[in-house]
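Please take these sequences and the hints and turn them into a complete structure.
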Amino acid sequence: MLTVDLVRATCRAGQLHVTPLAGKNRARAAELAATYLAIATDQVGKAQHELDEAFAAVEVAAREAKLAAGLVKLIDDACEFEAESTLDPRQLRSEVFSLAAATRRALAPEQRFDRPALLEQAAKPHGMPTDRLEQALYSDLKSQHRLLRAPAFGPEVLLERYDLAQLQAVLLRAVKITAHVGCATPAAYRELFRKLKFRRLMFQISPGPEGTYQIAIDGPYSLFDSVTKYGLQLALMLPTLLAAERIAIQAQLRWGKSKAPVTFNLERRGAPGSDEPARLPDEVAALVEQFQTPREGWTVQPADAIFDLPGVGLCVPDLRFEHASGARIFLEVLGYWSRDAVWQRVELVQRGLAAKVLFAASERLRVSEQVLADHPSGALYVYKSSLSAKALVDHLERLRRA
Amino acid sequence: MASLVFVGGTLELRGLPEQFDGLPDGCRWDARSGSFRAPASAYAPLVLALKKLAVPIEDQARKYVELDFGIRAMREPRPFQTEALEALERGKGRGIVVLPTGAGKSHLALMAIDRWRRSTLVVAPTLDLVRQWYDLLRTNFGVDVGVVGGGEYTLHPLTVTTYDSAYLHMENLGNRFGFVVFDECHHLPAEAYSLAAQQCLAPFRLGLTATLERADGREALLSNLVGPVVYRKEIVELSGEYLADYDTECVALKLSPSERAEYEAERAVYTGFLRSQGIRMSNPQGWMEFVQRSARGAAGRRAMQAYRRQRELALAAPAKLDYLEHLLHMHRRDLTLVFTQDNATAYEISRRFLVPAITHQTKVSERSEILQRFGKGEYGVVVTSKVLNEGVDVPEANVAVIISGSGSVREHVQRLGRILRQREGKRARLYELVSANTTETFTSERRRDHAAYR
Numbered sequence: 001m002l003t004v005d006l007v008r009a010t011c012r013a014g015q016l017h018v019t020p021l022a023g024k025n026r027a028r029a030a031e032l033a034a035t036y037l038a039i040a041t042d043q044v045g046k047a048q049h050e051l052d053e054a055f056a057a058v059e060v061a062a063r064e065a066k067l068a069a070g071l072v073k074l075i076d077d078a079c080e081f082e083a084e085s086t087l088d089p090r091q092l093r094s095e096v097f098s099l100a101a102a103t104r105r106a107l108a109p110e111q112r113f114d115r116p117a118l119l120e121q122a123a124k125p126h127g128m129p130t131d132r133l134e135q136a137l138y139s140d141l142k143s144q145h146r147l148l149r150a151p152a153f154g155p156e157v158l159l160e161r162y163d164l165a166q167l168q169a170v171l172l173r174a175v176k177i178t179a180h181v182g183c184a185t186p187a188a189y190r191e192l193f194r195k196l197k198f199r200r201l202m203f204q205i206s207p208g209p210e211g212t213y214q215i216a217i218d219g220p221y222s223l224f225d226s227v228t229k230y231g232l233q234l235a236l237m238l239p240t241l242l243a244a245e246r247i248a249i250q251a252q253l254r255w256g257k258s259k260a261p262v263t264f265n266l267e268r269r270g271a272p273g274s275d276e277p278a279r280l281p282d283e284v285a286a287l288v289e290q291f292q293t294p295r296e297g298w299t300v301q302p303a304d305a306i307f308d309l310p311g312v313g314l315c316v317p318d319l320r321f322e323h324a325s326g327a328r329i330f331l332e333v334l335g336y337w338s339r340d341a342v343w344q345r346v347e348l349v350q351r352g353l354a355a356k357v358l359f360a361a362s363e364r365l366r367v368s369e370q371v372l373a374d375h376p377s378g379a380l381y382v383y384k385s386s387l388s389a390k391a392l393v394d395h396l397e398r399l400r401r402a
Numbered sequence: 403m404a405s406l407v408f409v410g411g412t413l414e415l416r417g418l419p420e421q422f423d424g425l426p427d428g429c430r431w432d433a434r435s436g437s438f439r440a441p442a443s444a445y446a447p448l449v450l451a452l453k454k455l456a457v458p459i460e461d462q463a464r465k466y467v468e469l470d471f472g473i474r475a476m477r478e479p480r481p482f483q484t485e486a487l488e489a490l491e492r493g494k495g496r497g498i499v500v501l502p503t504g505a506g507k508s509h510l511a512l513m514a515i516d517r518w519r520r521s522t523l524v525v526a527p528t529l530d531l532v533r534q535w536y537d538l539l540r541t542n543f544g545v546d547v548g549v550v551g552g553g554e555y556t557l558h559p560l561t562v563t564t565y566d567s568a569y570l571h572m573e574n575l576g577n578r579f580g581f582v583v584f585d586e587c588h589h590l591p592a593e594a595y596s597l598a599a600q601q602c603l604a605p606f607r608l609g610l611t612a613t614l615e616r617a618d619g620r621e622a623l624l625s626n627l628v629g630p631v632v633y634r635k636e637i638v639e640l641s642g643e644y645l646a647d648y649d650t651e652c653v654a655l656k657l658s659p660s661e662r663a664e665y666e667a668e669r670a671v672y673t674g675f676l677r678s679q680g681i682r683m684s685n686p687q688g689w690m691e692f693v694q695r696s697a698r699g700a701a702g703r704r705a706m707q708a709y710r711r712q713r714e715l716a717l718a719a720p721a722k723l724d725y726l727e728h729l730l731h732m733h734r735r736d737l738t739l740v741f742t743q744d745n746a747t748a749y750e751i752s753r754r755f756l757v758p759a760i761t762h763q764t765k766v767s768e769r770s771e772i773l774q775r776f777g778k779g780e781y782g783v784v785v786t787s788k789v790l791n792e793g794v795d796v797p798e799a800n801v802a803v804i805i806s807g808s809g810s811v812r813e814h815v816q817r818l819g820r821i822l823r824q825r826e827g828k829r830a831r832l833y834e835l836v837s838a839n840t841t842e843t844f845t846s847e848r849r850r851d852h853a854a855y856r
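Heads up: the protein sequence lines correspond to chains A and B, in order.
Just so you know, we're using the numbering used here here: the first sequence kicks off at 1 and counts up by one.
Just so you know, we're using the numbering used here here: the second sequence kicks off at 403 and counts up by one.
Derived from the structure by calculation, the hints contain no laboratory data.
Glycine residues also receive a C-beta, built at the ideal position from the N, C-alpha and C atoms.
Please note: incorrect hints may appear among the correct ones.
Simulated restraints, written as ranges between beta carbons of each label pair [said to hold, decoys possible]:
1) B:Met683 x A:Thr3: 21 to 29 angstroms
2) B:Ala594 x A:Pro239: 23 to 31 angstroms
3) A:Asp282 x B:Glu420: 40 to 48 angstroms
Lysine to aspartate or glutamate pairs mimicking EDC-like chemistry, simulated, CA-CA at most 20 angstroms apart [as the list claims (entries may be wrong)]:
4) A:Lys142 x A:Glu80
5) A:Lys142 x B:Glu593
6) B:Lys765 x A:Glu82
7) A:Lys257 x B:Glu593
8) A:Lys142 x B:Glu750
9) B:Lys453 x B:Glu478
A short, non-exhaustive set of chain A residues, derived as facing chain B with CB atoms under 10 angstroms [said to hold, decoys possible]:
10) Tyr138
11) Tyr221
12) Val371
13) Asp374
Written out as structure tokens, the structure is:
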């Protein structure tokens, strides 16, 4: 990842604009990327400080300095280094410095410390020349590490990484982000919320336009102060957010030395692969197939709802069943997830969900339909090997009449 | 029943309706979680308020314990340490004690840990200090001590960490300690570090420092983060009786004619650029302005290069290293600490004089070994960059040489404190090597602007 100081951006009227790599600039960046990657490949086997010096020797104009430093940082992150291991430098230092200390202490006032003689004395037991000894003395310092492997990717991949890394580095200074998200599938939404939870971020969901959701994301302490403490977690969320079919992000930042409040907007439509039609999980698709003609007045379509009960949890249904009478019931297929996921859904129902929801779980989870047997707005359907349309309709009917 | 839970450095008070009245300031309704929320530091007032309101709560937040062990052998405290502990008691276990380096702040902390006997976290600025606190706590309490930082993460009822690690991890471990000792607590008001203090629920807090005042004036925040200053003694009040006597000597060294010529030429390039751009270094924004403008063109980059070179000539002039050779010979039977401003100079000295160096790149175990051998006299010299500035105990050292340094008064006093630990018949010497007639002379004058030098 890039550091904040390497971001190429300008601030105008309270808005931060990241300078894109486009047109001539992108061509020039590709040139630089190729040069630096070639240097890295060329320097395999050399010390890190030599690699740094070789990078620094590339002439770049002042206005390109940040771009160059950013590319170098990403290459450096992808390089593998190792310490030279023929002699233990720490042991060597201990020997040489002890000998030097004893020698210095024993000097008479008129005697002088003889460095070359001491080095020779220290090098003798190792059977090496003194210049080799001097070289080995600090070979464990990071700057002395040897480059083992250079990155295997080409300039185009590096530029793609650079584009993402710039945006992520901006979010390092974010105190809060508000994302308008449109995911193609419930599974994608679930993945998004799972990652938010994993990163221990907090969020508030509200419906947005055109079937999207507005998700305000920050951390527990954000209630009291606008802190950049969660910036790294927000930056790490970015690839997941950008994978959504439609995404617009507004980040509130504290930017520059003065930590001035500025906003940063980012909009994407059509993540890679999002032009393909959304694919339902196999068992859900098989169920939809069974409802191609209405069954006892029930028809089905993909769901586009998220039910969130702050402090309890959320559910993202897969399907929405509609009855000829106008009744609507959602289905979330929990399959083989976990017993905890089932208990959390039970609690959601008991605490009052905004709609009627049927949860389908495999019998391998060892849960009983009895836990929600008579509840008016939620039911549990435990199935054996696959979802059965007939059993499902029985549950739907029970809930409809409840 | 309502419950109180520690979540990411905050307290979630669950099970009360949004309309519930009478909670202390700072405890707010959080729509994200459908619960009340307060910074973890509000733990004590919040629990007291709920008790007063007769709201029964299940406290799942507090995970610290009362220690079932105490200090093994209590040394006779010095009168001012007893006074300081009494002052802390009057402050109900929250407060800051200001004592000069070497006066025994760590011992006071041990007394306080023994007095309150709660799981304790000690927060220190550097890994060297963490290592030292680790040894101190283990020896005095005879128990395993946890370390968080420098690649380690072990938790015990007595644990030591750095300010940086506290910022990173307090959201996970802020409920595990009832007592926190902030060593060198003048660091705490920095924005990130102060968040660590807010994300910790410890009701008892002790701040220790020799130099409370900060250049940015943020020390005022300490009262809220730790507690008020409950006790204070200045260096001049304790010198002689409790600290070693010391002499300071500033040695002005001339640059060679060729160095002088190069210094003047580079300085002319740098100051010429400042003039042409109308940048005034006396202005607080001057430096930033220079950095920004120097990035914008060839002349600017040349000016930055010139600035660095003239500074390098002044800070690490060959004349200084030659003089250091003379000092090392003169004090060859003493224990000498050499301080540099940067790692490169530290390693240059290490290689040239074949003496061990400690920088931030030195691993904890090697630093520990170097300092141990220095303490035993096996090494007569240790060269270090900024890492040994604060509170690291090297009581055996009796000579310090400052090769170069920043203008910070605090840094200089801390370095002086290094060699001032009390020892019978000890007279410490501090040398400062300054390049004559360079900007470094001004820096040196600035850093000696402290009571200890008057």
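Legend entry - Restraint status (C-alpha distance of Lys453 of chain B to Glu478 of chain B at most 20 angstroms): Outside the cut-off at roughly 40 angstroms; violated.
Inset, instruction - Identify whether the interface hint at Val371 of chain A stands, where standing means a beta carbon of chain B within less than 10 angstroms of its own. - result: Violated, because the Cβ-Cβ distance from Val371 of chain A to chain B comes to roughly 22 angstroms (cut-off 10 angstroms).
Legend entry - Interface restraint verdict for Asp374 of chain A against chain B (beta-carbon cut-off 10 angstroms): Asp374 of chain A check fails; min Cβ-Cβ to chain B is 26 angstroms, beyond 10 angstroms.
Legend entry - Distance restraint hint 40 to 48 angstroms, applied to the beta-carbon atoms of Asp282 of chain A and Glu420 of chain B: holds, 44 angstroms
Inset, instruction - Would you check the hint for Lys142 of chain A and Glu593 of chain B, treating anything up to 20 angstroms between C-alpha atoms as holding? - result: Since the Cα atoms of Lys142 of chain A and Glu593 of chain B sit roughly 30 angstroms apart, the hinted pair is violated (cutoff 20 angstroms).
Inset, instruction - Could you check if Tyr221 of chain A really has its C-beta closer than 10 angstroms to a C-beta on chain B? - result: holds, 6 angstroms
Legend entry - Range hint compliance [Cβ, Ala594 of chain B to Pro239 of chain A, 23 to 31 angstroms]: Taking Cβ atoms as reference, Ala594 of chain B and Pro239 of chain A lie about 26 angstroms apart, which means the hint holds.
Inset, instruction - State, for the Cβ atoms of Met683 of chain B and Thr3 of chain A, whether the hinted interval 21 to 29 angstroms holds or is violated. - result: Since the Cβ atoms of Met683 of chain B and Thr3 of chain A sit about 27 angstroms apart, the hinted range of 21 to 29 angstroms holds.
Legend entry - Hint consistency between Lys142 of chain A and Glu80 of chain A [alpha-carbon to alpha-carbon, up to 20 angstroms]: Within the cut-off at roughly 12 angstroms; holds.
Legend entry - Satisfaction of the Tyr138 of chain A interface hint, Cβ to chain B closer than 10 angstroms: Constraint on Tyr138 of chain A satisfied, holds at 7 angstroms.
Inset, instruction - Would you check the hint for Lys142 of chain A and Glu750 of chain B, treating anything up to 20 angstroms between C-alpha atoms as holding? - result: Answer holds: Lys142 of chain A to Glu750 of chain B is near 16 angstroms, not above 20 angstroms.
Inset, instruction - For the pair we were handed, Lys765 of chain B and Glu82 of chain A, check the Cα-Cα distance against 20 angstroms. - result: Holds, at roughly 17 angstroms.
Checked against the numbered hints given earlier, this structure breaks hints 5, 9, 12, 13; the rest are met.
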